[in-house]
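S.K.: Read off the chains here:
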Amino acid sequence: MAIVVNLDVMMAKRKMSLNELSEKVGLTLSNLSILKTGKAKAIRFSTLEAICKALACQPGDVLEYANDEQEATTRN
Amino acid sequence: MAWIIFVGLSIEAGGLIVNFIFSVLNPEFVQNLYQKLDLTEMYRDSRLAFFGIYSFILVISILKVFLFYVVIRLMHKMDLTKPFNTFVSNQILYVSYYTLSIGLVSLIARQVADKLMQHGFVTDGVDQFWADSQAFILMGAIIYVIATIFKKGVDIQNENDLTV
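Protein chains in written order, with the numbering used here: chain A, 10 to 85; chain B, 865 to 1028.
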C-alpha cells in the first residue's frame, strides 16, 4: 500500500515499548500490531490523535506516502 | 434435509451413469434399470444425438449433486456466531454458479430435445430432466445477487475489523 506506517520508527525514537504505547493510547496490542505491521486499512482520527499525543509527534511522523515502486526499492 | 437430497441426487446420478453404460454395451438390459430411460432407438438412429442428449442428462445430474455438496459443506462449516466471512461468501457464490449452470444447461438441452423431436427422434421420458430450467435460472440469479451483496458485506466487515 502507498501509505507506510512508521510507528515502529517513532516508538524506537521515543524508546517506548508496544505495551507502554498500548496503555497510553488505549488500544489493544493486537490492534496496535495490525497498525505497526501495515495491515490496517484505515485509522480513526481519534486513534491518530492519541498516538501523536503519546509519542509527542505529528501525524506526518507516523504516516508517510510512498509510491509502490519507491516502497519496493526500500524493501529491497 | 440437505444430506437426504444430496444422497438422493447422488443415487440418481449414479443410476443414470449405469444406464448410460448399459445403453451402449447391453441395450436389452436397460428396461430393468433405473427410470427405464431407454434411448437405444435414438442410439440406433444417430449416435451424435444419443451422446448429446445423454451428456446433457449426465451433466445436469452431476451439477445437481455438486450443488448440494456445496450446500452441505456450507451448512457444516458455517459459524453462525460469525457468518460474514470469505468462506461463506465464496460458497454462496459457488451455489449461484452451479444453479445458473444447471438452469442454462437445462434450457439448452430442452431446445436441443425439441429440435431433435421435430427431426423425428424419440425423446420420450427425457423432459423430466430439464423441466425446471427457468426456475433454476431465476433461483440462480437471485442467489447471485444475494452472494454479491454478502461479498460486499464481508468486505465492509473486513475493512471495519482492520480499522484501528
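By construction, these hints were calculated from the structure, which means they are not laboratory data. A quick note: this is a predicted structure, and the numbers were derived from the prediction, not measured. Please note: incorrect hints may appear among the correct ones.
As the list claims (entries may be wrong) - Below 30 angstroms or equal to it, Euclidean Cα-Cα: the simulated DSS-like pairs (lysine-lysine) are:
hint : chain 1 : residue 1 : chain 2 : residue 2
1    : B       : Lys-979   : A       : Lys-50
2    : A       : Lys-33    : B       : Lys-941
3    : B       : Lys-946   : A       : Lys-62
4    : A       : Lys-33    : B       : Lys-1016
5    : A       : Lys-45    : B       : Lys-946
6    : A       : Lys-45    : B       : Lys-1016
7    : A       : Lys-48    : B       : Lys-979
8    : A       : Lys-45    : B       : Lys-979
9    : B       : Lys-1015  : A       : Lys-48
10   : A       : Lys-45    : B       : Lys-1015
11   : A       : Lys-22    : B       : Lys-946
12   : A       : Lys-48    : A       : Lys-22
Stated by the list, open to error - Label pairs and their computed distance ranges (CB to CB):
hint : chain 1 : residue 1 : chain 2 : residue 2 : range
13   : A       : Asp-77    : B       : Leu-944   : 37 to 43 angstroms
14   : A       : Asp-77    : B       : Gly-1017  : 56 to 62 angstroms
15   : B       : Asp-1025  : A       : Asp-77    : 22 to 28 angstroms
16   : B       : Thr-945   : A       : Lys-33    : 30 to 36 angstroms
17   : B       : Gly-1017  : A       : Gly-35    : 50 to 56 angstroms
18   : A       : Ala-65    : B       : Phe-951   : 41 to 47 angstroms
19   : A       : Leu-72    : B       : Ile-972   : 53 to 59 angstroms
20   : B       : Thr-945   : A       : Glu-29    : 42 to 48 angstroms
Cβ coordinates follow ideal geometry from the N, Cα and C atoms, glycine included.
S.K.: Against this structure, judge whether each hint is valid.
M.R.: Each hint, compared with the structure:
1. Lys-979/B - Lys-50/A: The given pair, whose Cα atoms are some 56 angstroms apart, is violated under the 30 angstroms limit.
2. Lys-33/A - Lys-941/B: Between Lys-33/A and Lys-941/B the Cα gap is close to 40 angstroms, so the pair fails against 30 angstroms, i.e. violated.
3. Lys-946/B - Lys-62/A: This hinted pair is violated, its Cα atoms lying about 35 angstroms apart.
4. Lys-33/A - Lys-1016/B: Distance ~35 angstroms between Lys-33/A and Lys-1016/B Cα, so the pair is violated.
5. Lys-45/A - Lys-946/B: With a Cα-Cα distance of about 26 angstroms, the restraint between Lys-45/A and Lys-946/B holds, given a limit of 30 angstroms.
6. Lys-45/A - Lys-1016/B: holds, 26 angstroms
7. Lys-48/A - Lys-979/B: Violated: Lys-48/A and Lys-979/B sit about 58 angstroms apart, past 30 angstroms.
8. Lys-45/A - Lys-979/B: Status violated; Cα separation ~66 angstroms.
9. Lys-1015/B - Lys-48/A: holds, 20 angstroms
10. Lys-45/A - Lys-1015/B: holds, 27 angstroms
11. Lys-22/A - Lys-946/B: violated, 40 angstroms
12. Lys-48/A - Lys-22/A: holds, 22 angstroms
13. Asp-77/A - Leu-944/B: 37 to 43 angstroms: holds, 40 angstroms
14. Asp-77/A - Gly-1017/B: 56 to 62 angstroms: violated, 29 angstroms
15. Asp-1025/B - Asp-77/A: 22 to 28 angstroms: 24 angstroms Cβ-Cβ, so the 22 to 28 angstroms window holds.
16. Thr-945/B - Lys-33/A: 30 to 36 angstroms: The hinted range 30 to 36 angstroms holds for Thr-945/B and Lys-33/A, with Cβ atoms some 33 angstroms apart.
17. Gly-1017/B - Gly-35/A: 50 to 56 angstroms: Roughly 29 angstroms apart at Cβ, these two residues miss the hinted range, so it is violated.
18. Ala-65/A - Phe-951/B: 41 to 47 angstroms: holds, 44 angstroms
19. Leu-72/A - Ile-972/B: 53 to 59 angstroms: holds, 55 angstroms
20. Thr-945/B - Glu-29/A: 42 to 48 angstroms: violated, 34 angstroms
The earlier numbered hints that this structure contradicts are 1, 2, 3, 4, 7, 8, 11, 14, 17 and 20.
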